[in-house]
Structure formats: C-alpha cells, structure tokens
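Q: I would like the entire structure built from these sequences, with the hints used as guidance.
Number of protein chains: 2
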Amino acid sequence: MSIRIGILGYGNLGKGVEKAVNANADQELVGVFTRRNPESVKLASEQVKVYSVDDLPKMTGDIDVLIICGGSATDLPKQTPVYASLYNVVDSFDTHANIPAHFSAVDEAAVSGGKIGVISCGWDPGMFSISRLYAHSVLPDGKDYTFWGRGVSQGHSDAIRRIEGVKDARQYTVPVPEALEAVRAGKNPELTTRQKHTRECWVVAEEGADLARIEKEIKEMPNYFSDYDTTVNFISEEELKANHSELPHGGSVIYSGATGEKKHVIEYSLKLDSNPEFTGSVLAAVARAAWRMNQEGLKGAKTMFDIAPKYLSPLTDEYLRAHYL
Amino acid sequence: MSIRIGILGYGNLGKGVEKAVNANADQELVGVFTRRNPESVKLASEQVKVYSVDDLPKMTGDIDVLIICGGSATDLPKQTPVYASLYNVVDSFDTHANIPAHFSAVDEAAVSGGKIGVISCGWDPGMFSISRLYAHSVLPDGKDYTFWGRGVSQGHSDAIRRIEGVKDARQYTVPVPEALEAVRAGKNPELTTRQKHTRECWVVAEEGADLARIEKEIKEMPNYFSDYDTTVNFISEEELKANHSELPHGGSVIYSGATGEKKHVIEYSLKLDSNPEFTGSVLAAVARAAWRMNQEGLKGAKTMFDIAPKYLSPLTDEYLRAHYL
Numbered sequence: 050m051s052i053r054i055g056i057l058g059y060g061n062l063g064k065g066v067e068k069a070v071n072a073n074a075d076q077e078l079v080g081v082f083t084r085r086n087p088e089s090v091k092l093a094s095e096q097v098k099v100y101s102v103d104d105l106p107k108m109t110g111d112i113d114v115l116i117i118c119g120g121s122a123t124d125l126p127k128q129t130p131v132y133a134s135l136y137n138v139v140d141s142f143d144t145h146a147n148i149p150a151h152f153s154a155v156d157e158a159a160v161s162g163g164k165i166g167v168i169s170c171g172w173d174p175g176m177f178s179i180s181r182l183y184a185h186s187v188l189p190d191g192k193d194y195t196f197w198g199r200g201v202s203q204g205h206s207d208a209i210r211r212i213e214g215v216k217d218a219r220q221y222t223v224p225v226p227e228a229l230e231a232v233r234a235g236k237n238p239e240l241t242t243r244q245k246h247t248r249e250c251w252v253v254a255e256e257g258a259d260l261a262r263i264e265k266e267i268k269e270m271p272n273y274f275s276d277y278d279t280t281v282n283f284i285s286e287e288e289l290k291a292n293h294s295e296l297p298h299g300g301s302v303i304y305s306g307a308t309g310e311k312k313h314v315i316e317y318s319l320k321l322d323s324n325p326e327f328t329g330s331v332l333a334a335v336a337r338a339a340w341r342m343n344q345e346g347l348k349g350a351k352t353m354f355d356i357a358p359k360y361l362s363p364l365t366d367e368y369l370r371a372h373y374l
Numbered sequence: 050m051s052i053r054i055g056i057l058g059y060g061n062l063g064k065g066v067e068k069a070v071n072a073n074a075d076q077e078l079v080g081v082f083t084r085r086n087p088e089s090v091k092l093a094s095e096q097v098k099v100y101s102v103d104d105l106p107k108m109t110g111d112i113d114v115l116i117i118c119g120g121s122a123t124d125l126p127k128q129t130p131v132y133a134s135l136y137n138v139v140d141s142f143d144t145h146a147n148i149p150a151h152f153s154a155v156d157e158a159a160v161s162g163g164k165i166g167v168i169s170c171g172w173d174p175g176m177f178s179i180s181r182l183y184a185h186s187v188l189p190d191g192k193d194y195t196f197w198g199r200g201v202s203q204g205h206s207d208a209i210r211r212i213e214g215v216k217d218a219r220q221y222t223v224p225v226p227e228a229l230e231a232v233r234a235g236k237n238p239e240l241t242t243r244q245k246h247t248r249e250c251w252v253v254a255e256e257g258a259d260l261a262r263i264e265k266e267i268k269e270m271p272n273y274f275s276d277y278d279t280t281v282n283f284i285s286e287e288e289l290k291a292n293h294s295e296l297p298h299g300g301s302v303i304y305s306g307a308t309g310e311k312k313h314v315i316e317y318s319l320k321l322d323s324n325p326e327f328t329g330s331v332l333a334a335v336a337r338a339a340w341r342m343n344q345e346g347l348k349g350a351k352t353m354f355d356i357a358p359k360y361l362s363p364l365t366d367e368y369l370r371a372h373y374l
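As you go down the protein sequences, you meet chains A and B in turn. Here my numbering runs 49 ahead of the position in the first sequence, where the first position is 1. Here my numbering runs 49 ahead of the position in the second sequence, where the first position is 1.
Any given hint might turn out to be false.
[Unchecked claim] In silico PhoX-like cross-links for lysine-lysine, where the CA-CA straight-line distance does not exceed 20 Å:
{"no.": "1", "chain 1": "A", "residue 1": "Lys-216", "chain 2": "A", "residue 2": "Lys-311"}
{"no.": "2", "chain 1": "B", "residue 1": "Lys-192", "chain 2": "B", "residue 2": "Lys-265"}
{"no.": "3", "chain 1": "B", "residue 1": "Lys-311", "chain 2": "A", "residue 2": "Lys-290"}
{"no.": "4", "chain 1": "A", "residue 1": "Lys-290", "chain 2": "A", "residue 2": "Lys-236"}
{"no.": "5", "chain 1": "A", "residue 1": "Lys-311", "chain 2": "B", "residue 2": "Lys-311"}
{"no.": "6", "chain 1": "B", "residue 1": "Lys-216", "chain 2": "B", "residue 2": "Lys-265"}
Since the hints were derived computationally from the structure, they do not count as laboratory data.
A: The following block contains the structure:
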C-alpha cells in the first residue's frame, strides 16, 4: 500500500516535493493544499486535486503524511505546530536560532495527536547537519567548515529586488577557492566571513535608474552584503531570463579532524541543478521515515538526527544489508 | 558515568580503537583481551590491563561494550556470535558476501543475551554504506560509484608478500583520475574494473631473486591484480621503511542522480592519514550508540543503517539541535 502524501503550499519547494513524490514508487500524492483560490492553481500532476487549506482538518483519514512547504519566517512557525496534531508532518524550517522553540511547539502538538513531526529537513539544515554530526561523533578532535555555492540565494536575490530602481535580480553565493583548498588540505585556517564566500549579483535596473546608487546600496547592505566582497553586474531582462532562470545550488561540509598526529579530512558535497527539487526529494524521503516510525508507535517532534538511515529507504533491511552495506 | 569498553585483539585496528576510546571523554578502556600470552602484549595505555581472551566470560559485570578487532576471514565469524550473547559488541566485518549469514548468527546470540551486536562498522562497510543509502533514498533515479584510494590495501600487500623471493611489499590502490572526473561531472559512465583503479606495488626482493618473474607473478595474479593496470617498483628495505610505513587510505562515494532533467551529484569522501585509526574511531563511536540503544531496551544484531545519527554523539539532543542542525 502506498504512503498517501499531502503537500501544503505550491511554490518552488512544493513543486519539488510533487516531482519527488511522483518519482517514489511507494508514495501517492493525494492533494495539494493552498491558501489561494484552489481553482487558480494548476498542478504539474494533472490527476491530483487542489484543495483549500481549510479542507485540511477534514482529511485526516485520507493522508498519511503532510509535507509543509511554507517559508520559515512566518508560515512554518504557525503551520507546522497546527497540523502536527492532525497529521504526521515534515517541514524544512531553516531559521537556525529559532529551531529549539519550533521543535518544542511541534513536539507538544505531535505528542498530543500521536503523530510524528520532523522539522528542519533538506540539505542545510538536513544532509549537511547529518554530515557535521557524524564527523564530530567519530573524530571528537576536529573542526567543521561549511561552504555554500556556487548557487542562487533566494533570500539575497529578494533583498536586491527590494532596492528602488531594481526590476529583477539574481544573487549567486560563491565559495572562495583558496579557502576551500586550505580547508581540504587540512590546514584548519581561521576564516572570516569575507574570506569564505563572495557574492555575485546580476541586476536588471529600471529604465533611467541610477546604477551607481543601486550598486552602492547593494554593497553596503548590512548582514546581506557588507561583510562580503560583492560584484554587481547590470544586465538586460532578456539576459537574466536566458542565463539566470534556474535555481542551482550546493556546497560542502568539510571536517578536518585528527587522531593524535594523524590527520583525517571528511567531505560531504552537493552539486545540485535544482535546489528546490533536491530539497523536495529529501522531504519526500523523510515523509517515508515519518510514516514508518509512526507506524511503529513513535510520536513527537524529530529531526533527521533522530532517524536511522534505513527508515528513509523503501527497501527492506535485508536488501539494504545485502546490497548497500 | 563512563561507558566501560573492552577491546578484543591488539593489532593495527585494536590500537586504533584504543587511541579513539582514550580520546572520548565519556569512555573508559577497561582492558585489552588477547589470544597471545597477556604478558607479551605492551599497550600504549600504560594504566590499562591486558587479559587473556579466556577471561572474557568472567568479566560481564565490568564491561559495557566489547569492540572486536579480529579479521573478517576467520576471527569475526567465530568471535562476534560468541561474545554477542555476553556483551554489547561492535565489529568491522567486511566480507560483503557473508554479511547476511554473519548478521543472522550475531542476531540470534544478541537476542538471547539481551544485548546489541553492531556488525560491519568502519568506513567501507560503514560511513560509505550510509552515504550510498542516504543518496539512493533521496534520489531513487541514480547510480552510485565507489572509488578507493589513494591508499594502502593490506590484503594486496599480503598477497605480494606470499610470492617466492619477496621480502616485503606495500600496495597502493589508486583511483583513475579520468574516471573520477567523469563521475563527478555526472556523466554516468559505464566503467570496467580496469578503468576505475590502478594498482601500484612497492616490493623489496630477496637478494638474487628473479625480479622479472616476481613482476610477472604479481601482474598475472587472478582477482588481486590481473584485472588492473599494475605497476611494480623494486626498492630497498630502507626505502620501504622510510617512505611506505604508514597506512593512509580513503576514497569517495559519488552518487549521480536526477529529478527528471535536473542532475544532482552527491559526494562523500575521506582522506585518512591512518586507516586503522579512523576505522577505530568509527568503532568507538558505534560502541557509544550500542550502549545507549541497549540502555533503551533494544537488542539484537544491528548495522549502522539501524542507528539514528544522534546515538553516535556524546552530546545531548538539545545541544545537537541548537549547534549542529
């Protein structure tokens, strides 16, 4: 019997989850839930129905796991605790400082409903977090470095778009090659923010806009750009569309550890053509784990740290031992 | 309270485990058990006692986890099932074809004794296996490639030493750079054994030995060398000691997957100055997990697939969520 999946939210991530669920032979997409008018939403999966978010409380008998694809700033802190009491849920909450509070809220709801709520899934937090944890656990004497990119940061692209005179923009986060090489060589460098990443901006300006002012505003923007070496390139709308319409991303977690005088370097890296499609694939695999763990009687909030790797796979334990070990 | 660890077997791996246990603040090395005369074994840890293997049945009250550091060919198939009924045990069994049988034997013993027996831990099988499993689970449409090296293969070095006229030898397994690059680029090549790795041999011959015959015997040795491009270098005993006395190893698991037309490459790689010290570090972390899972009432045979990442860490769940997620 298939695991029946619901998706809440149909932005880039929701579409990525949809594609992943359709690619998983053991999962079936039951419906996509939206705060918009359901009739205005066209799914890639033609046979799947779009529902209003208001229908969710009535459909607990039809869905095994609800994958919540909202934003971390305002959507997930509200949505995940609400639906964790009704459904097994999975989210990609990524506001690091607020993870403990989010975990508590989801835990209370999930325990009360006898469900599992897995938060902060994806690649960072997610696969990168797991890599950090395994490395620190195996080699207590060591240091982890995380590099992101080359890839599109949607948050930074949005920040540029909010500047007056900017019509559209795309921002790439780029690791500094020398920093990467020093870390890979086990040199354990102390690196400032500026030494780890550069920021590359592709900007479409409104006609007649003051380009020098826009460039200055970008480069001096606190938190987003002022601590980085930033390059700003003005291009036409057509160029942006032709060359910068995809959402690639990736990066590396590099752990430089030691056993006495012997050094060991562990690296986990991702090169992703599509950030939302890969993240969606992780969420779909975690949905499988959430369902299986709940079937075994487990409940409450979880993260990927709490999930034995085998639960993510549709294959039997026997098959995994015989073929992947 | 510390987790009390025993080590069975004091070869390279046993010494690696000893170093790892001593580096773990939450573990205490209680004793090393040997089939040799205990008085003939000198430990790196001066305060730790060496016991005869015959003492093991009497010490169940003193040891929480026994880490079994024998060879996979003849030691572990006998030892792990025997001691799994008395102790929580961890081993590094790596004869892939016999894993299902070994798992069954250990499971029966561990269940009967109410203990946990974790088999096949280390980096391959072990960390590499986990990487394969995560990747396949997240992206069902894909293919995994494993490259080993550059590193010393002890099995291949031993095979050369058994040739008449060979005094000593060291064999390095080396991945073919072009193959690695093609896989990293997501090209999904079909690779033969010869196209993936080369074998590099450093040989000390007996005085007056027929070098041409030795080289021929190495290159034509079935299973070990005949399917590979092999280079043989004759050197002096002093050179071998000076340049080839370490046991570095490593490698990469590269997974090339897709979501429809989007490609994604996942790579997990290790560069290890010391194979036995890293493997020993993995075994020590798994010993922690075995102990914690047994304290929670779990029993039976396990692999690293069955262990939630958090169990490997000495840190609390709250700390891990706040700092590593």
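Q: If a hint holds in the structure, say so; if it does not, say that too.
A: Comparing the hints with the structure gives:
1. Among the hinted pairs, A:Lys-216 with A:Lys-311 is inconsistent with the structure: their alpha-carbon atoms are about 53 Å apart, more than 20 Å.
2. The suggested pairing of B:Lys-192 with B:Lys-265 is violated, with an alpha-carbon distance near 36 Å, which exceeds 20 Å.
3. With a C-alpha separation of about 18 Å, the suggested pair B:Lys-311 and A:Lys-290 falls inside the 20 Å cut-off, and the hint holds.
4. About 41 Å separates the Cα atoms of A:Lys-290 and A:Lys-236, which puts this hinted pair outside 20 Å; it is violated.
5. In summary, the hint linking A:Lys-311 to B:Lys-311 is not supported, as the alpha carbons are separated by about 40 Å, beyond the 20 Å threshold.
6. Taking the CA atoms of B:Lys-216 and B:Lys-265, the gap is about 16 Å. The hint holds against a cut of 20 Å.
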